[in-house]
Amino acid sequence: MPQSIHGRRSVVVGGAGAVGAALAGMFASPTNAVADAQGHPLHNRAPTVLTAAEQTTIDKIAVVAEARRFSGIDPTGASDSTTGLQAAMDATPDGGTLLIPAGTYQVSVALAPKSGKSITVSGYGAKLIATTTKSIISLRGTYDETVGVSSAADTAVSFPTGQSVPTTVIKLAKTMSWKAGDVIKIVADDLIGGSRPGSRRIGEFGVVYSVSGSTVTLAGRLRETYQTNVRAARITRQTINVLGLELECIASRLTQTSNEALLAFSRLLNPRVQDVRVTQSSNRVVSLNSCFGYLVENVDVGYARDASGESALGYGVADNCCSFGRVVGGTFRHVRHAYTDDTPEVPANNSDLTYYGRTYGTVLLGVESFMTTSAGFSTHHSSEGVTFSACRTTGSVPAGGTPAGFELRGRRHRITDCTAHQSVNGISIRTESGGGESWGHHISNFKAERMSGAAIVVSVNQSGHPNQNTRDSQLNAIVDGLVATDCVRMLFTENAVVNISNATYIAPEGVADGLYEGFFARNSQTLARNIVLDYTYNKAGKPRPFITGSTTGRDPGRQNTNITDLDVRITPSAAARAYFVFGGTENRVNARQVRLQYPFPSTPGEAHANSSWEWEVDYSDGVVGTDLSSGYFSVKAVLLASSLANIVRSSDKTVVVHVLGESKSVSISSLPKGRRRGQHWVFMQMTTGTTTFVHGTAARTSLKSAGNRALTKGRRLELVWDGTLWQEMIHF
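Mature numbering (1 follows the signal peptide of the UniProt record, and there is no 0) puts the sequence shown at residues -24 to -1, 1 to 708.
Misleading hints may appear alongside valid ones.
Pair ranges (Cβ atoms, derived) [unchecked claim]:
{"hint": "1", "residue 1": "42", "residue 2": "193", "range": "43 to 53 angstroms"}
{"hint": "2", "residue 1": "173", "residue 2": "645", "range": "55 to 65 angstroms"}
{"hint": "3", "residue 1": "388", "residue 2": "203", "range": "41 to 51 angstroms"}
{"hint": "4", "residue 1": "173", "residue 2": "52", "range": "46 to 56 angstroms"}
{"hint": "5", "residue 1": "52", "residue 2": "186", "range": "53 to 63 angstroms"}
{"hint": "6", "residue 1": "186", "residue 2": "109", "range": "25 to 35 angstroms"}
{"hint": "7", "residue 1": "681", "residue 2": "640", "range": "37 to 47 angstroms"}
{"hint": "8", "residue 1": "555", "residue 2": "640", "range": "45 to 55 angstroms"}
{"hint": "9", "residue 1": "571", "residue 2": "652", "range": "19 to 29 angstroms"}
These are calculated hints, taken from the structure and not from any lab test.
Don't be surprised by glycine CBs; every beta carbon is placed ideally from N, CA and C.
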């Protein structure tokens, strides 16, 4: 059966003899011509009547669920077809295909292959309707005998080439019939670190590399550390493929509670769901539990009910404790999440290994979500290493909470080359109030458009969390490549540690009372490089390139911002409305290569103690007194002493201070410590008064002739910071 990712599958019949002719007759129709072994057209021939031997031969390949063969099948949809479809499924051989012809079929009890049997269900043109709370198709595989694990230790496997590869060796309580290539699941009663509070326990899949008695070498290292009641089991090779069906449920099911997923699969190797269309679902659409290497491809979902208070969580794809799943293509509309994952609670020493372990290594490629009732895509605290690539989410109509395009909880997830349109937040990286961790995430080449909140939110350790109001000890997110267009904010951080580079924020046109922020930070640490904040289109509201919120009652109670290479593009009107480049309090800033298109009413560095600045203004209108860079200051003589605290925040190698103003004499009794060794300060007296600099250790100066230095109009004083004192430069 040749396959196209986005197209229908076609059946090509070309076998020799009676089998080929029989299949040709079965599939022949005026619009779908087939040929016999000699190439003669068969589309006008009557269906072939099979002999018992021919039917047996064909049944080893595929079984057609026809009413004439299986009693109880009604392709008109007028009556229940469960009994007949289940009989056809039972007749399908292990490894064979059940073909469901075009038509409409009611299903009241989940169709399930017999234990241990793997089949493909293909139904292009067939619609299956759930008439009760049960699934339409369900398969729950098994694990072989569970065996105790006495130890699990990291080691290395040596090859004849001399290479050494790290892996894990486990010692079993007894010898098992495992062999190379088998997939096992190892679990323990230890709790999952960083998960939601509760009894969520560690576990993961591993692939057997070699076996020697009760010693098993895995083809790679285990991620977790196993200590308490460690045990393992091999997953059987049973699986299922579901192709081409259209699924829905009756209207009355949409108001019922505790409905099962339309497709529910557990403990399977590489199950596939492809080219499936779902008109409406009263709960989850595809539920995958403890599966290894699943594939969900080109699935179209139109509606899934989202009513969490009534046990109806309309997920498109729900992944519980699976590893290395793939979701490729597909469109999910009016669902709670197009994709989500989780790890349920399990009691200690549970004989069922299904719900042990994190979701790990899922990849979503080219998936689209539209108008979801919560985040378009979501991960939970127990999951790790989920990747979203070339995915797109548009809009949301929240049923509760604050929606986002992508919601990340857990650890080490990745979003790359993705886009979010018209939501509250583009990406929300967060922890839940009850507990849990969210860190190590990597966002690259992300585009956010028209967010009423922020392009990216990183908010952890909120009120109610065990570590509430404490800055996280982990690096929560790395952002490399961000374009935020028409968003109220570019980046919002709370109690977080974030590295961001190569980002552009294009502020919206604005409204009168709007606040348009490049960075809003509270009790966080931000490392920023190569940032453009563009306010040239902003016509109303208050631009705030960098702003901090109150840190009262938080630990450490301040914001740390480190910036290299920042462009603030702004019009005179927007600059006047902005006032500060850096606003708020308790922000310790270390800024280099900051360029302002137009001067702000307040220069960078004002009101920010323990900060360091290097900035310049590209635009100059010739107004005397305009500060054009952090290396140049024009200060009235009477304000010089109070201005030194701002001047010393400049990190330029050379700082020039023009002393202006009324003809008054002032004395500078002490200079602050320099910003860096070798920094050069030049004071130029431009007023008719006298400015006197005091000599001595207490004044942090070493002046010529060990005496005070008095500057009169036209004279200058040059000083160099040696790490302890300001040394006067003497010219010969």
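Right, here's what the structure says about each hint:
Checking the proposed 43 to 53 angstroms range against residue 42 and residue 193 shows it holds: the Cβ atoms sit about 50 angstroms from each other. For the pair residue 173 and residue 645, the beta carbons lie near 59 angstroms from each other, so the given range of 55 to 65 angstroms is met. In this structure the hint that residue 388 and residue 203 lie 41 to 51 angstroms apart at CB is violated, the actual value being about 22 angstroms. Between residue 173 and residue 52, the C-beta spacing of about 52 angstroms keeps the proposed range 46 to 56 angstroms intact.
With their beta carbons about 56 angstroms apart, residue 52 and residue 186 fall inside the hinted range of 53 to 63 angstroms. Distance hint for residue 186 and residue 109: a CB-CB separation of about 47 angstroms, inconsistent with the stated range 25 to 35 angstroms. Residue 681 and residue 640 have their C-beta atoms about 25 angstroms apart, which leaves the hinted 37 to 47 angstroms range violated. Judged by the Cβ atoms, the range 45 to 55 angstroms given for residue 555 and residue 640 is violated: they are separated by roughly 29 angstroms.
Range check, residue 571 to residue 652: about 21 angstroms between beta-carbon atoms, so the 19 to 29 angstroms window is met.
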